[in-house]
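Colleague: I would like the entire structure built from these sequences, with the hints used as guidance.
Protein chains: 2
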Amino acid sequence: MNLPLAADIEKAYEQIKPFVHQTPVLTCKSINEICGAELFFKCENLQKVGAFKYRGATNAVLSLSDEQKKHGVATHSSGNHAAALALAAKINGVKAHIVMPENAPEIKKKAVAGYGAQITFCQPTLAARESTLEEVIRQTGAVMVHPYNQWEVICGQGTASLELLQDNKDLDIIMTPVGGGGLLSGTATYVKEVFPQLKVIAGEPANADDAYQSFRKGVFQPVVNPDTIADGLRTSLGSLTFEIIKKKVDDIYLVSEESIIQAMRLIWERMKLIVEPSSAVPLAAVLENQALFKNQKIGIVITGGNVDLQNLPF
Amino acid sequence: MNLPLAADIEKAYEQIKPFVHQTPVLTCKSINEICGAELFFKCENLQKVGAFKYRGATNAVLSLSDEQKKHGVATHSSGNHAAALALAAKINGVKAHIVMPENAPEIKKKAVAGYGAQITFCQPTLAARESTLEEVIRQTGAVMVHPYNQWEVICGQGTASLELLQDNKDLDIIMTPVGGGGLLSGTATYVKEVFPQLKVIAGEPANADDAYQSFRKGVFQPVVNPDTIADGLRTSLGSLTFEIIKKKVDDIYLVSEESIIQAMRLIWERMKLIVEPSSAVPLAAVLENQALFKNQKIGIVITGGNVDLQNLPF
Chain A
0 MNLPLAADIE
10 KAYEQIKPFV
20 HQTPVLTCKS
30 INEICGAELF
40 FKCENLQKVG
50 AFKYRGATNA
60 VLSLSDEQKK
70 HGVATHSSGN
80 HAAALALAAK
90 INGVKAHIVM
100 PENAPEIKKK
110 AVAGYGAQIT
120 FCQPTLAARE
130 STLEEVIRQT
140 GAVMVHPYNQ
150 WEVICGQGTA
160 SLELLQDNKD
170 LDIIMTPVGG
180 GGLLSGTATY
190 VKEVFPQLKV
200 IAGEPANADD
210 AYQSFRKGVF
220 QPVVNPDTIA
230 DGLRTSLGSL
240 TFEIIKKKVD
250 DIYLVSEESI
260 IQAMRLIWER
270 MKLIVEPSSA
280 VPLAAVLENQ
290 ALFKNQKIGI
300 VITGGNVDLQ
310 NLPF
Chain B
0 MNLPLAADIE
10 KAYEQIKPFV
20 HQTPVLTCKS
30 INEICGAELF
40 FKCENLQKVG
50 AFKYRGATNA
60 VLSLSDEQKK
70 HGVATHSSGN
80 HAAALALAAK
90 INGVKAHIVM
100 PENAPEIKKK
110 AVAGYGAQIT
120 FCQPTLAARE
130 STLEEVIRQT
140 GAVMVHPYNQ
150 WEVICGQGTA
160 SLELLQDNKD
170 LDIIMTPVGG
180 GGLLSGTATY
190 VKEVFPQLKV
200 IAGEPANADD
210 AYQSFRKGVF
220 QPVVNPDTIA
230 DGLRTSLGSL
240 TFEIIKKKVD
250 DIYLVSEESI
260 IQAMRLIWER
270 MKLIVEPSSA
280 VPLAAVLENQ
290 ALFKNQKIGI
300 VITGGNVDLQ
310 NLPF
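Chains A and B are the protein sequences, given in the same order. With numbering that gives the first Met the number 0, letter number 22 in the first sequence gets 21, and the count goes up by one each step, no holes. With numbering that gives the first Met the number 0, letter number 126 in the second sequence gets 125, and the count goes up by one each step, no holes.
One thing to keep in mind: the hints can contain errors.
When chains are identical, the list treats them as one kind, so a pair holds in a single copy or across two.
Quick list of in silico lysine-lysine cross-link-like pairs, DSBU-like style, CA-CA up to 35 Å [said to hold, decoys possible]: (1) Lys94 - Lys107; (2) Lys216 - Lys246; (3) Lys89 - Lys296; (4) Lys16 - Lys168; (5) Lys16 - Lys28; (6) Lys109 - Lys94; (7) Lys198 - Lys69.
Hints in this document: simulated from the structure, not taken from any laboratory.
Modeller: In structure tokens:
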């Protein structure tokens with residue numbers, strides 16, 4: 000399988016740079032003291048649409064040919080990818096067709112509609128989502144943009160770590176959460192080629208441990224009944240992301256739901272940042288394995304900040 | 000009365016620079032669209048101890064003579080100034096004596112104690128706070144550091160706008176909230192001398208409108224029964240801060256409690272930043288007076304992010 004290279008991520012970075020926020024890297028002395036390590040948080044919760052997903056979606060839209068742009072882009076998603084693709088398309092004058100389950104939260108429907116996307120509602124099953132998307136693509140000729148298992152998307156997501164390392168070159172470890180694996184595989188692609196001495200480590204909820212199981216066994220394992228508060232991490236790896244992760248990631252740590260909530264709360268209280276549960280998973284892994292991370296300099300990608308303020312876990 | 004100059008704020012900046020976070024300036028397209036203006040948020044909620052108060056406290060501690068440092072610093076406060084002074088003192092090896100009302104929230108007592116300060120509890124009245132502080136100073140010889148009505152504190156707070164303007168020189172307006180007036184007077188001191196074309200405008204809760212009344216009448220008016228959610232703005236101006244504000248501030252706008260909560264929620268939801276109600280007051284003023292601020296480039300100092308997550312107004 001042909002895998003992306005660091006040069007592809009550098010190319011993506013040049014391409015998306017005028018369209019994305021260069022998000023800040025923040026540190027927090029009191030969290031460092033609690034962990035016994037030195038953490039550098041790349042704040043993609045402060046990215047447009049509140050998530051790193053905007054990088055991959057923007058790169059996918061900008062990589063379309065002029066002919067493709069005429070037909071627009073399409074995806075099925077009820078989460079950050081839908082909003083990211085809708086806004087990336089709008090800003091570039093491209094139509095976005097989003098298939099959403101009819102039971103998606105009102106606030107997400109509104110956000111996607113607010114970015115001018117064409118929404119098609121469907122039954123809330125994966126089969127319905129996929130068949131509805133197929134039909135939309137058949138009718139419109141739109142180009143499918145997958146939330147993670149796609150070259151341009153992976154390269155876009157990898158630019159978060161590229162930016163993080165621009166000003167923080169002497170890290171020991173880079174950590175991300177892993178759901179579908181777009182961010183993790185993009186990160187590993189860039190980091191293991193340009194900073195080979197750095198370890199790339201993922202955190203994953205123990206209650207949605209498909210990436211951990213797949214990584215350990217070397218064979219793809221789909222997620223079964225993922226019951227985690229980290230709603231961004233309930234998906235299985237894709238064929239492309241798994242291939243990259245298998246080859247380039249150093250390790251994956253599982254974390255408990257309690258640790259995720261504790262880490263999320265620490266980031267809210269100590270750093271004054273609104274982060275969604277998925278974002279807290281790498282910090283949860285550090286907190287659960289303090290001896291292993293002791294005194295390390297760790298870059299952590301904070302993936303997003305889209306939470307329902309009416310429904311906080313604390 | 001001898002007033003500080005921009006040069007004093009530049010001196011404070013050089014002095015505190017190694018000790019404070021250079022906080023990011025963030026923008027938000029959707030809030031800009033809602034307001035019809037272009038806003039640049041200087042995020043002092045991401046400052047150490049979660050508030051701009053750390054700047055003034057650090058400048059006060061660093062301005063002590065060696066002899067004064069031996070005796071430590073003292074203040075009475077139940078809010079951000081107490082935590083700021085405690086940490087600034089600790090980092091510089093100086094003792095901090097903090098007088099707190101015995102009914103202060105547990106979390107604030109803990110924070111101040113966690114920074115190694117010596118806490119003296121007193122009855123929750125201003126008279127008790129002042130007499131207890133006097134007694135502490137008599138016993139220890141500590142130097143009083145006022146939360147706002149003090150030269151070094153005002154100069155420290157002014158550095159937030161100095162930093163904001165380093166990368167955003169073509170603003171039309173700078174806005175801060177006003178409580179005791181330390182931040183507003185420091186801002187006006189720097190801005191009106193170095194960028195005289197800029198307007199300096201404050202937002203104040205209508206339910207705690209002493210600065211507005213004092214500014215309008217030209218005569219100091221103390222606050223009476225301040226009943227506002229913006230807990231950082233319930234104090235009256237000081238003699239020094241009022242003198243500066245009277246001379247250098249362009250205007251003060253009053254805002255309703257509803258606007259404060261609405262603006263706070265906008266910042267939480269759209270910017271993914273945890274801000275305390277006081278921080279939202281300038282944005283509330285923009286939202287209440289959209290025609291006046293239309294198309295203006297406005298720098299806003301986000302003052303702090305210390306809120307009780309168990310007790311949110313939304």
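Colleague: The structure should be examined with respect to each hint, and the outcome stated for every one.
Modeller: Status of each hint after checking the structure:
no.: 1; hint: Lys94 - Lys107; verdict: within (18 Å within a copy, 51 Å between copies)
no.: 2; hint: Lys216 - Lys246; verdict: within (13 Å within a copy, 72 Å between copies)
no.: 3; hint: Lys89 - Lys296; verdict: between (39 Å within a copy, 25 Å between copies)
no.: 4; hint: Lys16 - Lys168; verdict: both (20 Å within a copy, 22 Å between copies)
no.: 5; hint: Lys16 - Lys28; verdict: both (30 Å within a copy, 16 Å between copies)
no.: 6; hint: Lys109 - Lys94; verdict: within (17 Å within a copy, 53 Å between copies)
no.: 7; hint: Lys198 - Lys69; verdict: neither (42 Å within a copy, 46 Å between copies)
Hint 7 from the earlier list is the only one contradicted by this structure; the remaining hints agree with it.
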